[in-house]
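> Each chain, written out:
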Amino acid sequence: MLTQALVLSALLFALGTFGVLVRRNAIIMFLCIELQLNAVNLALVVFSRVAGIDGQVFVFFVMTVAAAEAAVGLAIIISIFRHYETVNVNSFNLLKW
Amino acid sequence: MVETVLFWIFGAVALGSAFGVVMGGTLPGKGGSPVASLLFMVSTLASVAGIYVLLEAHFLAAIQVMVYAGAIMVLFLFVIMLLNLGHEYQRDMKGWMASLMLFLVSGALGGILAYRFAGPGGGAELDFLAEANTAAMDAALAEQGAVGVIAEPLYTTYVVPFELTGILLLVAIVGALALAKRRVA
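So the protein sequences, as listed, match chains A and B. Residue 18 in this note's numbering sits at position 18 of the first sequence, and the numbers go up by one each step. Residue 59 in this note's numbering sits at position 59 of the second sequence, and the numbers go up by one each step.
Treat the hints with care, as some may be off.
[As the list claims (entries may be wrong)] Pair by pair, the computed Cβ-Cβ distance ranges are:
(1) A:83 <-> B:155: 38 to 46 Å
(2) A:83 <-> B:12: 27 to 35 Å
(3) A:84 <-> B:133: 51 to 59 Å
(4) B:171 <-> A:96: 28 to 36 Å
(5) B:171 <-> A:4: 35 to 43 Å
(6) B:160 <-> A:52: 15 to 23 Å
(7) A:65 <-> B:118: 24 to 32 Å
(8) B:145 <-> A:24: 43 to 51 Å
(9) B:2 <-> A:83: 48 to 56 Å
(10) B:181 <-> A:24: 23 to 31 Å
(11) B:6 <-> A:62: 38 to 46 Å
(12) A:96 <-> B:160: 35 to 43 Å
(13) A:54 <-> B:183: 41 to 49 Å
Think of the hints as simulated: they come from the structure by calculation, not from any bench. In this text, a Cβ means the ideal position worked out from N, Cα and C, and glycines have one as well.
Just need the whole structure built from these sequences, with the hints factored in.
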């Protein structure tokens with residue numbers, strides 16, 4: 001079951017990467033980043049099953065950072081939406097060369 | 001045996017819902033609501049929490065459901081509803097060619113990772129992932145309990161990062177408020 005769970009985490013990570021790359025809606029891109037974080041958390045939990053508890057402590061910290069990141073990121077999205085009236089990242093081209 | 005069956009069920013639901021997160025709200029005529037993606041995400045998080053339970057990480061499973069599926073996803077839902085998104089269909093994916101290329105690239109990423117983990121590419125490095133090696137963790141769990149086993153290192157070895165986490169959350173609260181506050185002219 002450990003190897004299968006690792007493969008599952010690899011597939012979830014790849015799906016999250018695909019989502020970030022292919023979607024243009026800032027909120028959904030953000031959700032896909034959370035999906036990637038979750039895939040890595042799953043891999044850490046699998047390794048902590050055989051290598052000691054430290055992996056789970058690390059997952060605990062990752063979750064805290066993810067919560068902080070979600071709060072700040074969504075605040076940035078709200079702030080951008082006030083200015084552009086959209087969350088489509090194609091509209092945000094101020095820094096685009 | 002029942003663990004294996006449950007693992008496959010949770011794994012299939014997690015993968016299917018993850019696909020739903022990526023593709024949610026992209027069908028023309030069905031509206032472009034990000035809420036579909038969000039609900040699929042809740043399902044993924046719940047399934048991963050189930051896999052955590054099967055991997056004997058009970059505390060993390062509870063945290064996953066309460067903090068992730070409960071608090072963070074509700075925060076996303078608040079923002080989607082506050083911004084009133086998804087009323088008119090708006091194409092928010094890249095073109096077909098770009099999507100296909102990116103699918104191949106990320107599929108290759110997943111394939112390489114899976115090959116390293118499960119195929120012959122991993123070699124002897126991953127032999128320690130045998131079920132027999134979980135005995136040490138099982139003993140620790142039986143002795144200290146599901147919460148004690150994670151609390152002990154958290155408040156001894158990792159106490160400084162733990163306190164720093166508190167400061168990080170404070171900074172995040174202040175930053176989020178400062179960013180989202182409406183500027184008064």
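> The structure should be examined with respect to each hint, and the outcome stated for every one.
Now the hints, each set against the structure:
Residue 83 of chain A and residue 155 of chain B have their C-beta atoms about 44 Å apart, which keeps the hinted 38 to 46 Å range intact. A C-beta distance of roughly 42 Å is found between residue 83 of chain A and residue 12 of chain B, which places it outside the suggested range of 27 to 35 Å. Look at residue 84 of chain A against residue 133 of chain B: about 53 Å separates their beta carbons, and that is inside 51 to 59 Å. Taking 28 to 36 Å as the suggested C-beta distance range, the pair residue 171 of chain B and residue 96 of chain A conforms, at roughly 29 Å.
Our hint of 35 to 43 Å for residue 171 of chain B and residue 4 of chain A holds, since their Cβ atoms are close to 39 Å apart. About 19 Å separates the C-beta atoms of residue 160 of chain B and residue 52 of chain A, a value consistent with the hinted range of 15 to 23 Å. Separation of residue 65 of chain A from residue 118 of chain B is about 29 Å and conforms to the stated range, judged on CB atoms against 24 to 32 Å. Under the hint 43 to 51 Å, the C-beta atoms of residue 145 of chain B and residue 24 of chain A, about 47 Å apart, fit the expected range.
The given range of 48 to 56 Å is respected by residue 2 of chain B and residue 83 of chain A, whose C-beta atoms sit roughly 54 Å from each other. The hint said 23 to 31 Å for the Cβ distance between residue 181 of chain B and residue 24 of chain A, and at roughly 27 Å that hint holds. Distance hint for residue 6 of chain B and residue 62 of chain A: a CB-CB separation of about 24 Å, inconsistent with the stated range 38 to 46 Å. The hinted range of 35 to 43 Å is satisfied by residue 96 of chain A and residue 160 of chain B, whose Cβ atoms lie roughly 41 Å apart.
For the hinted restraint 41 to 49 Å between residue 54 of chain A and residue 183 of chain B, the CB-CB distance of approximately 45 Å keeps it satisfied.
In summary, the numbered hints that this structure violates are 2, 11.
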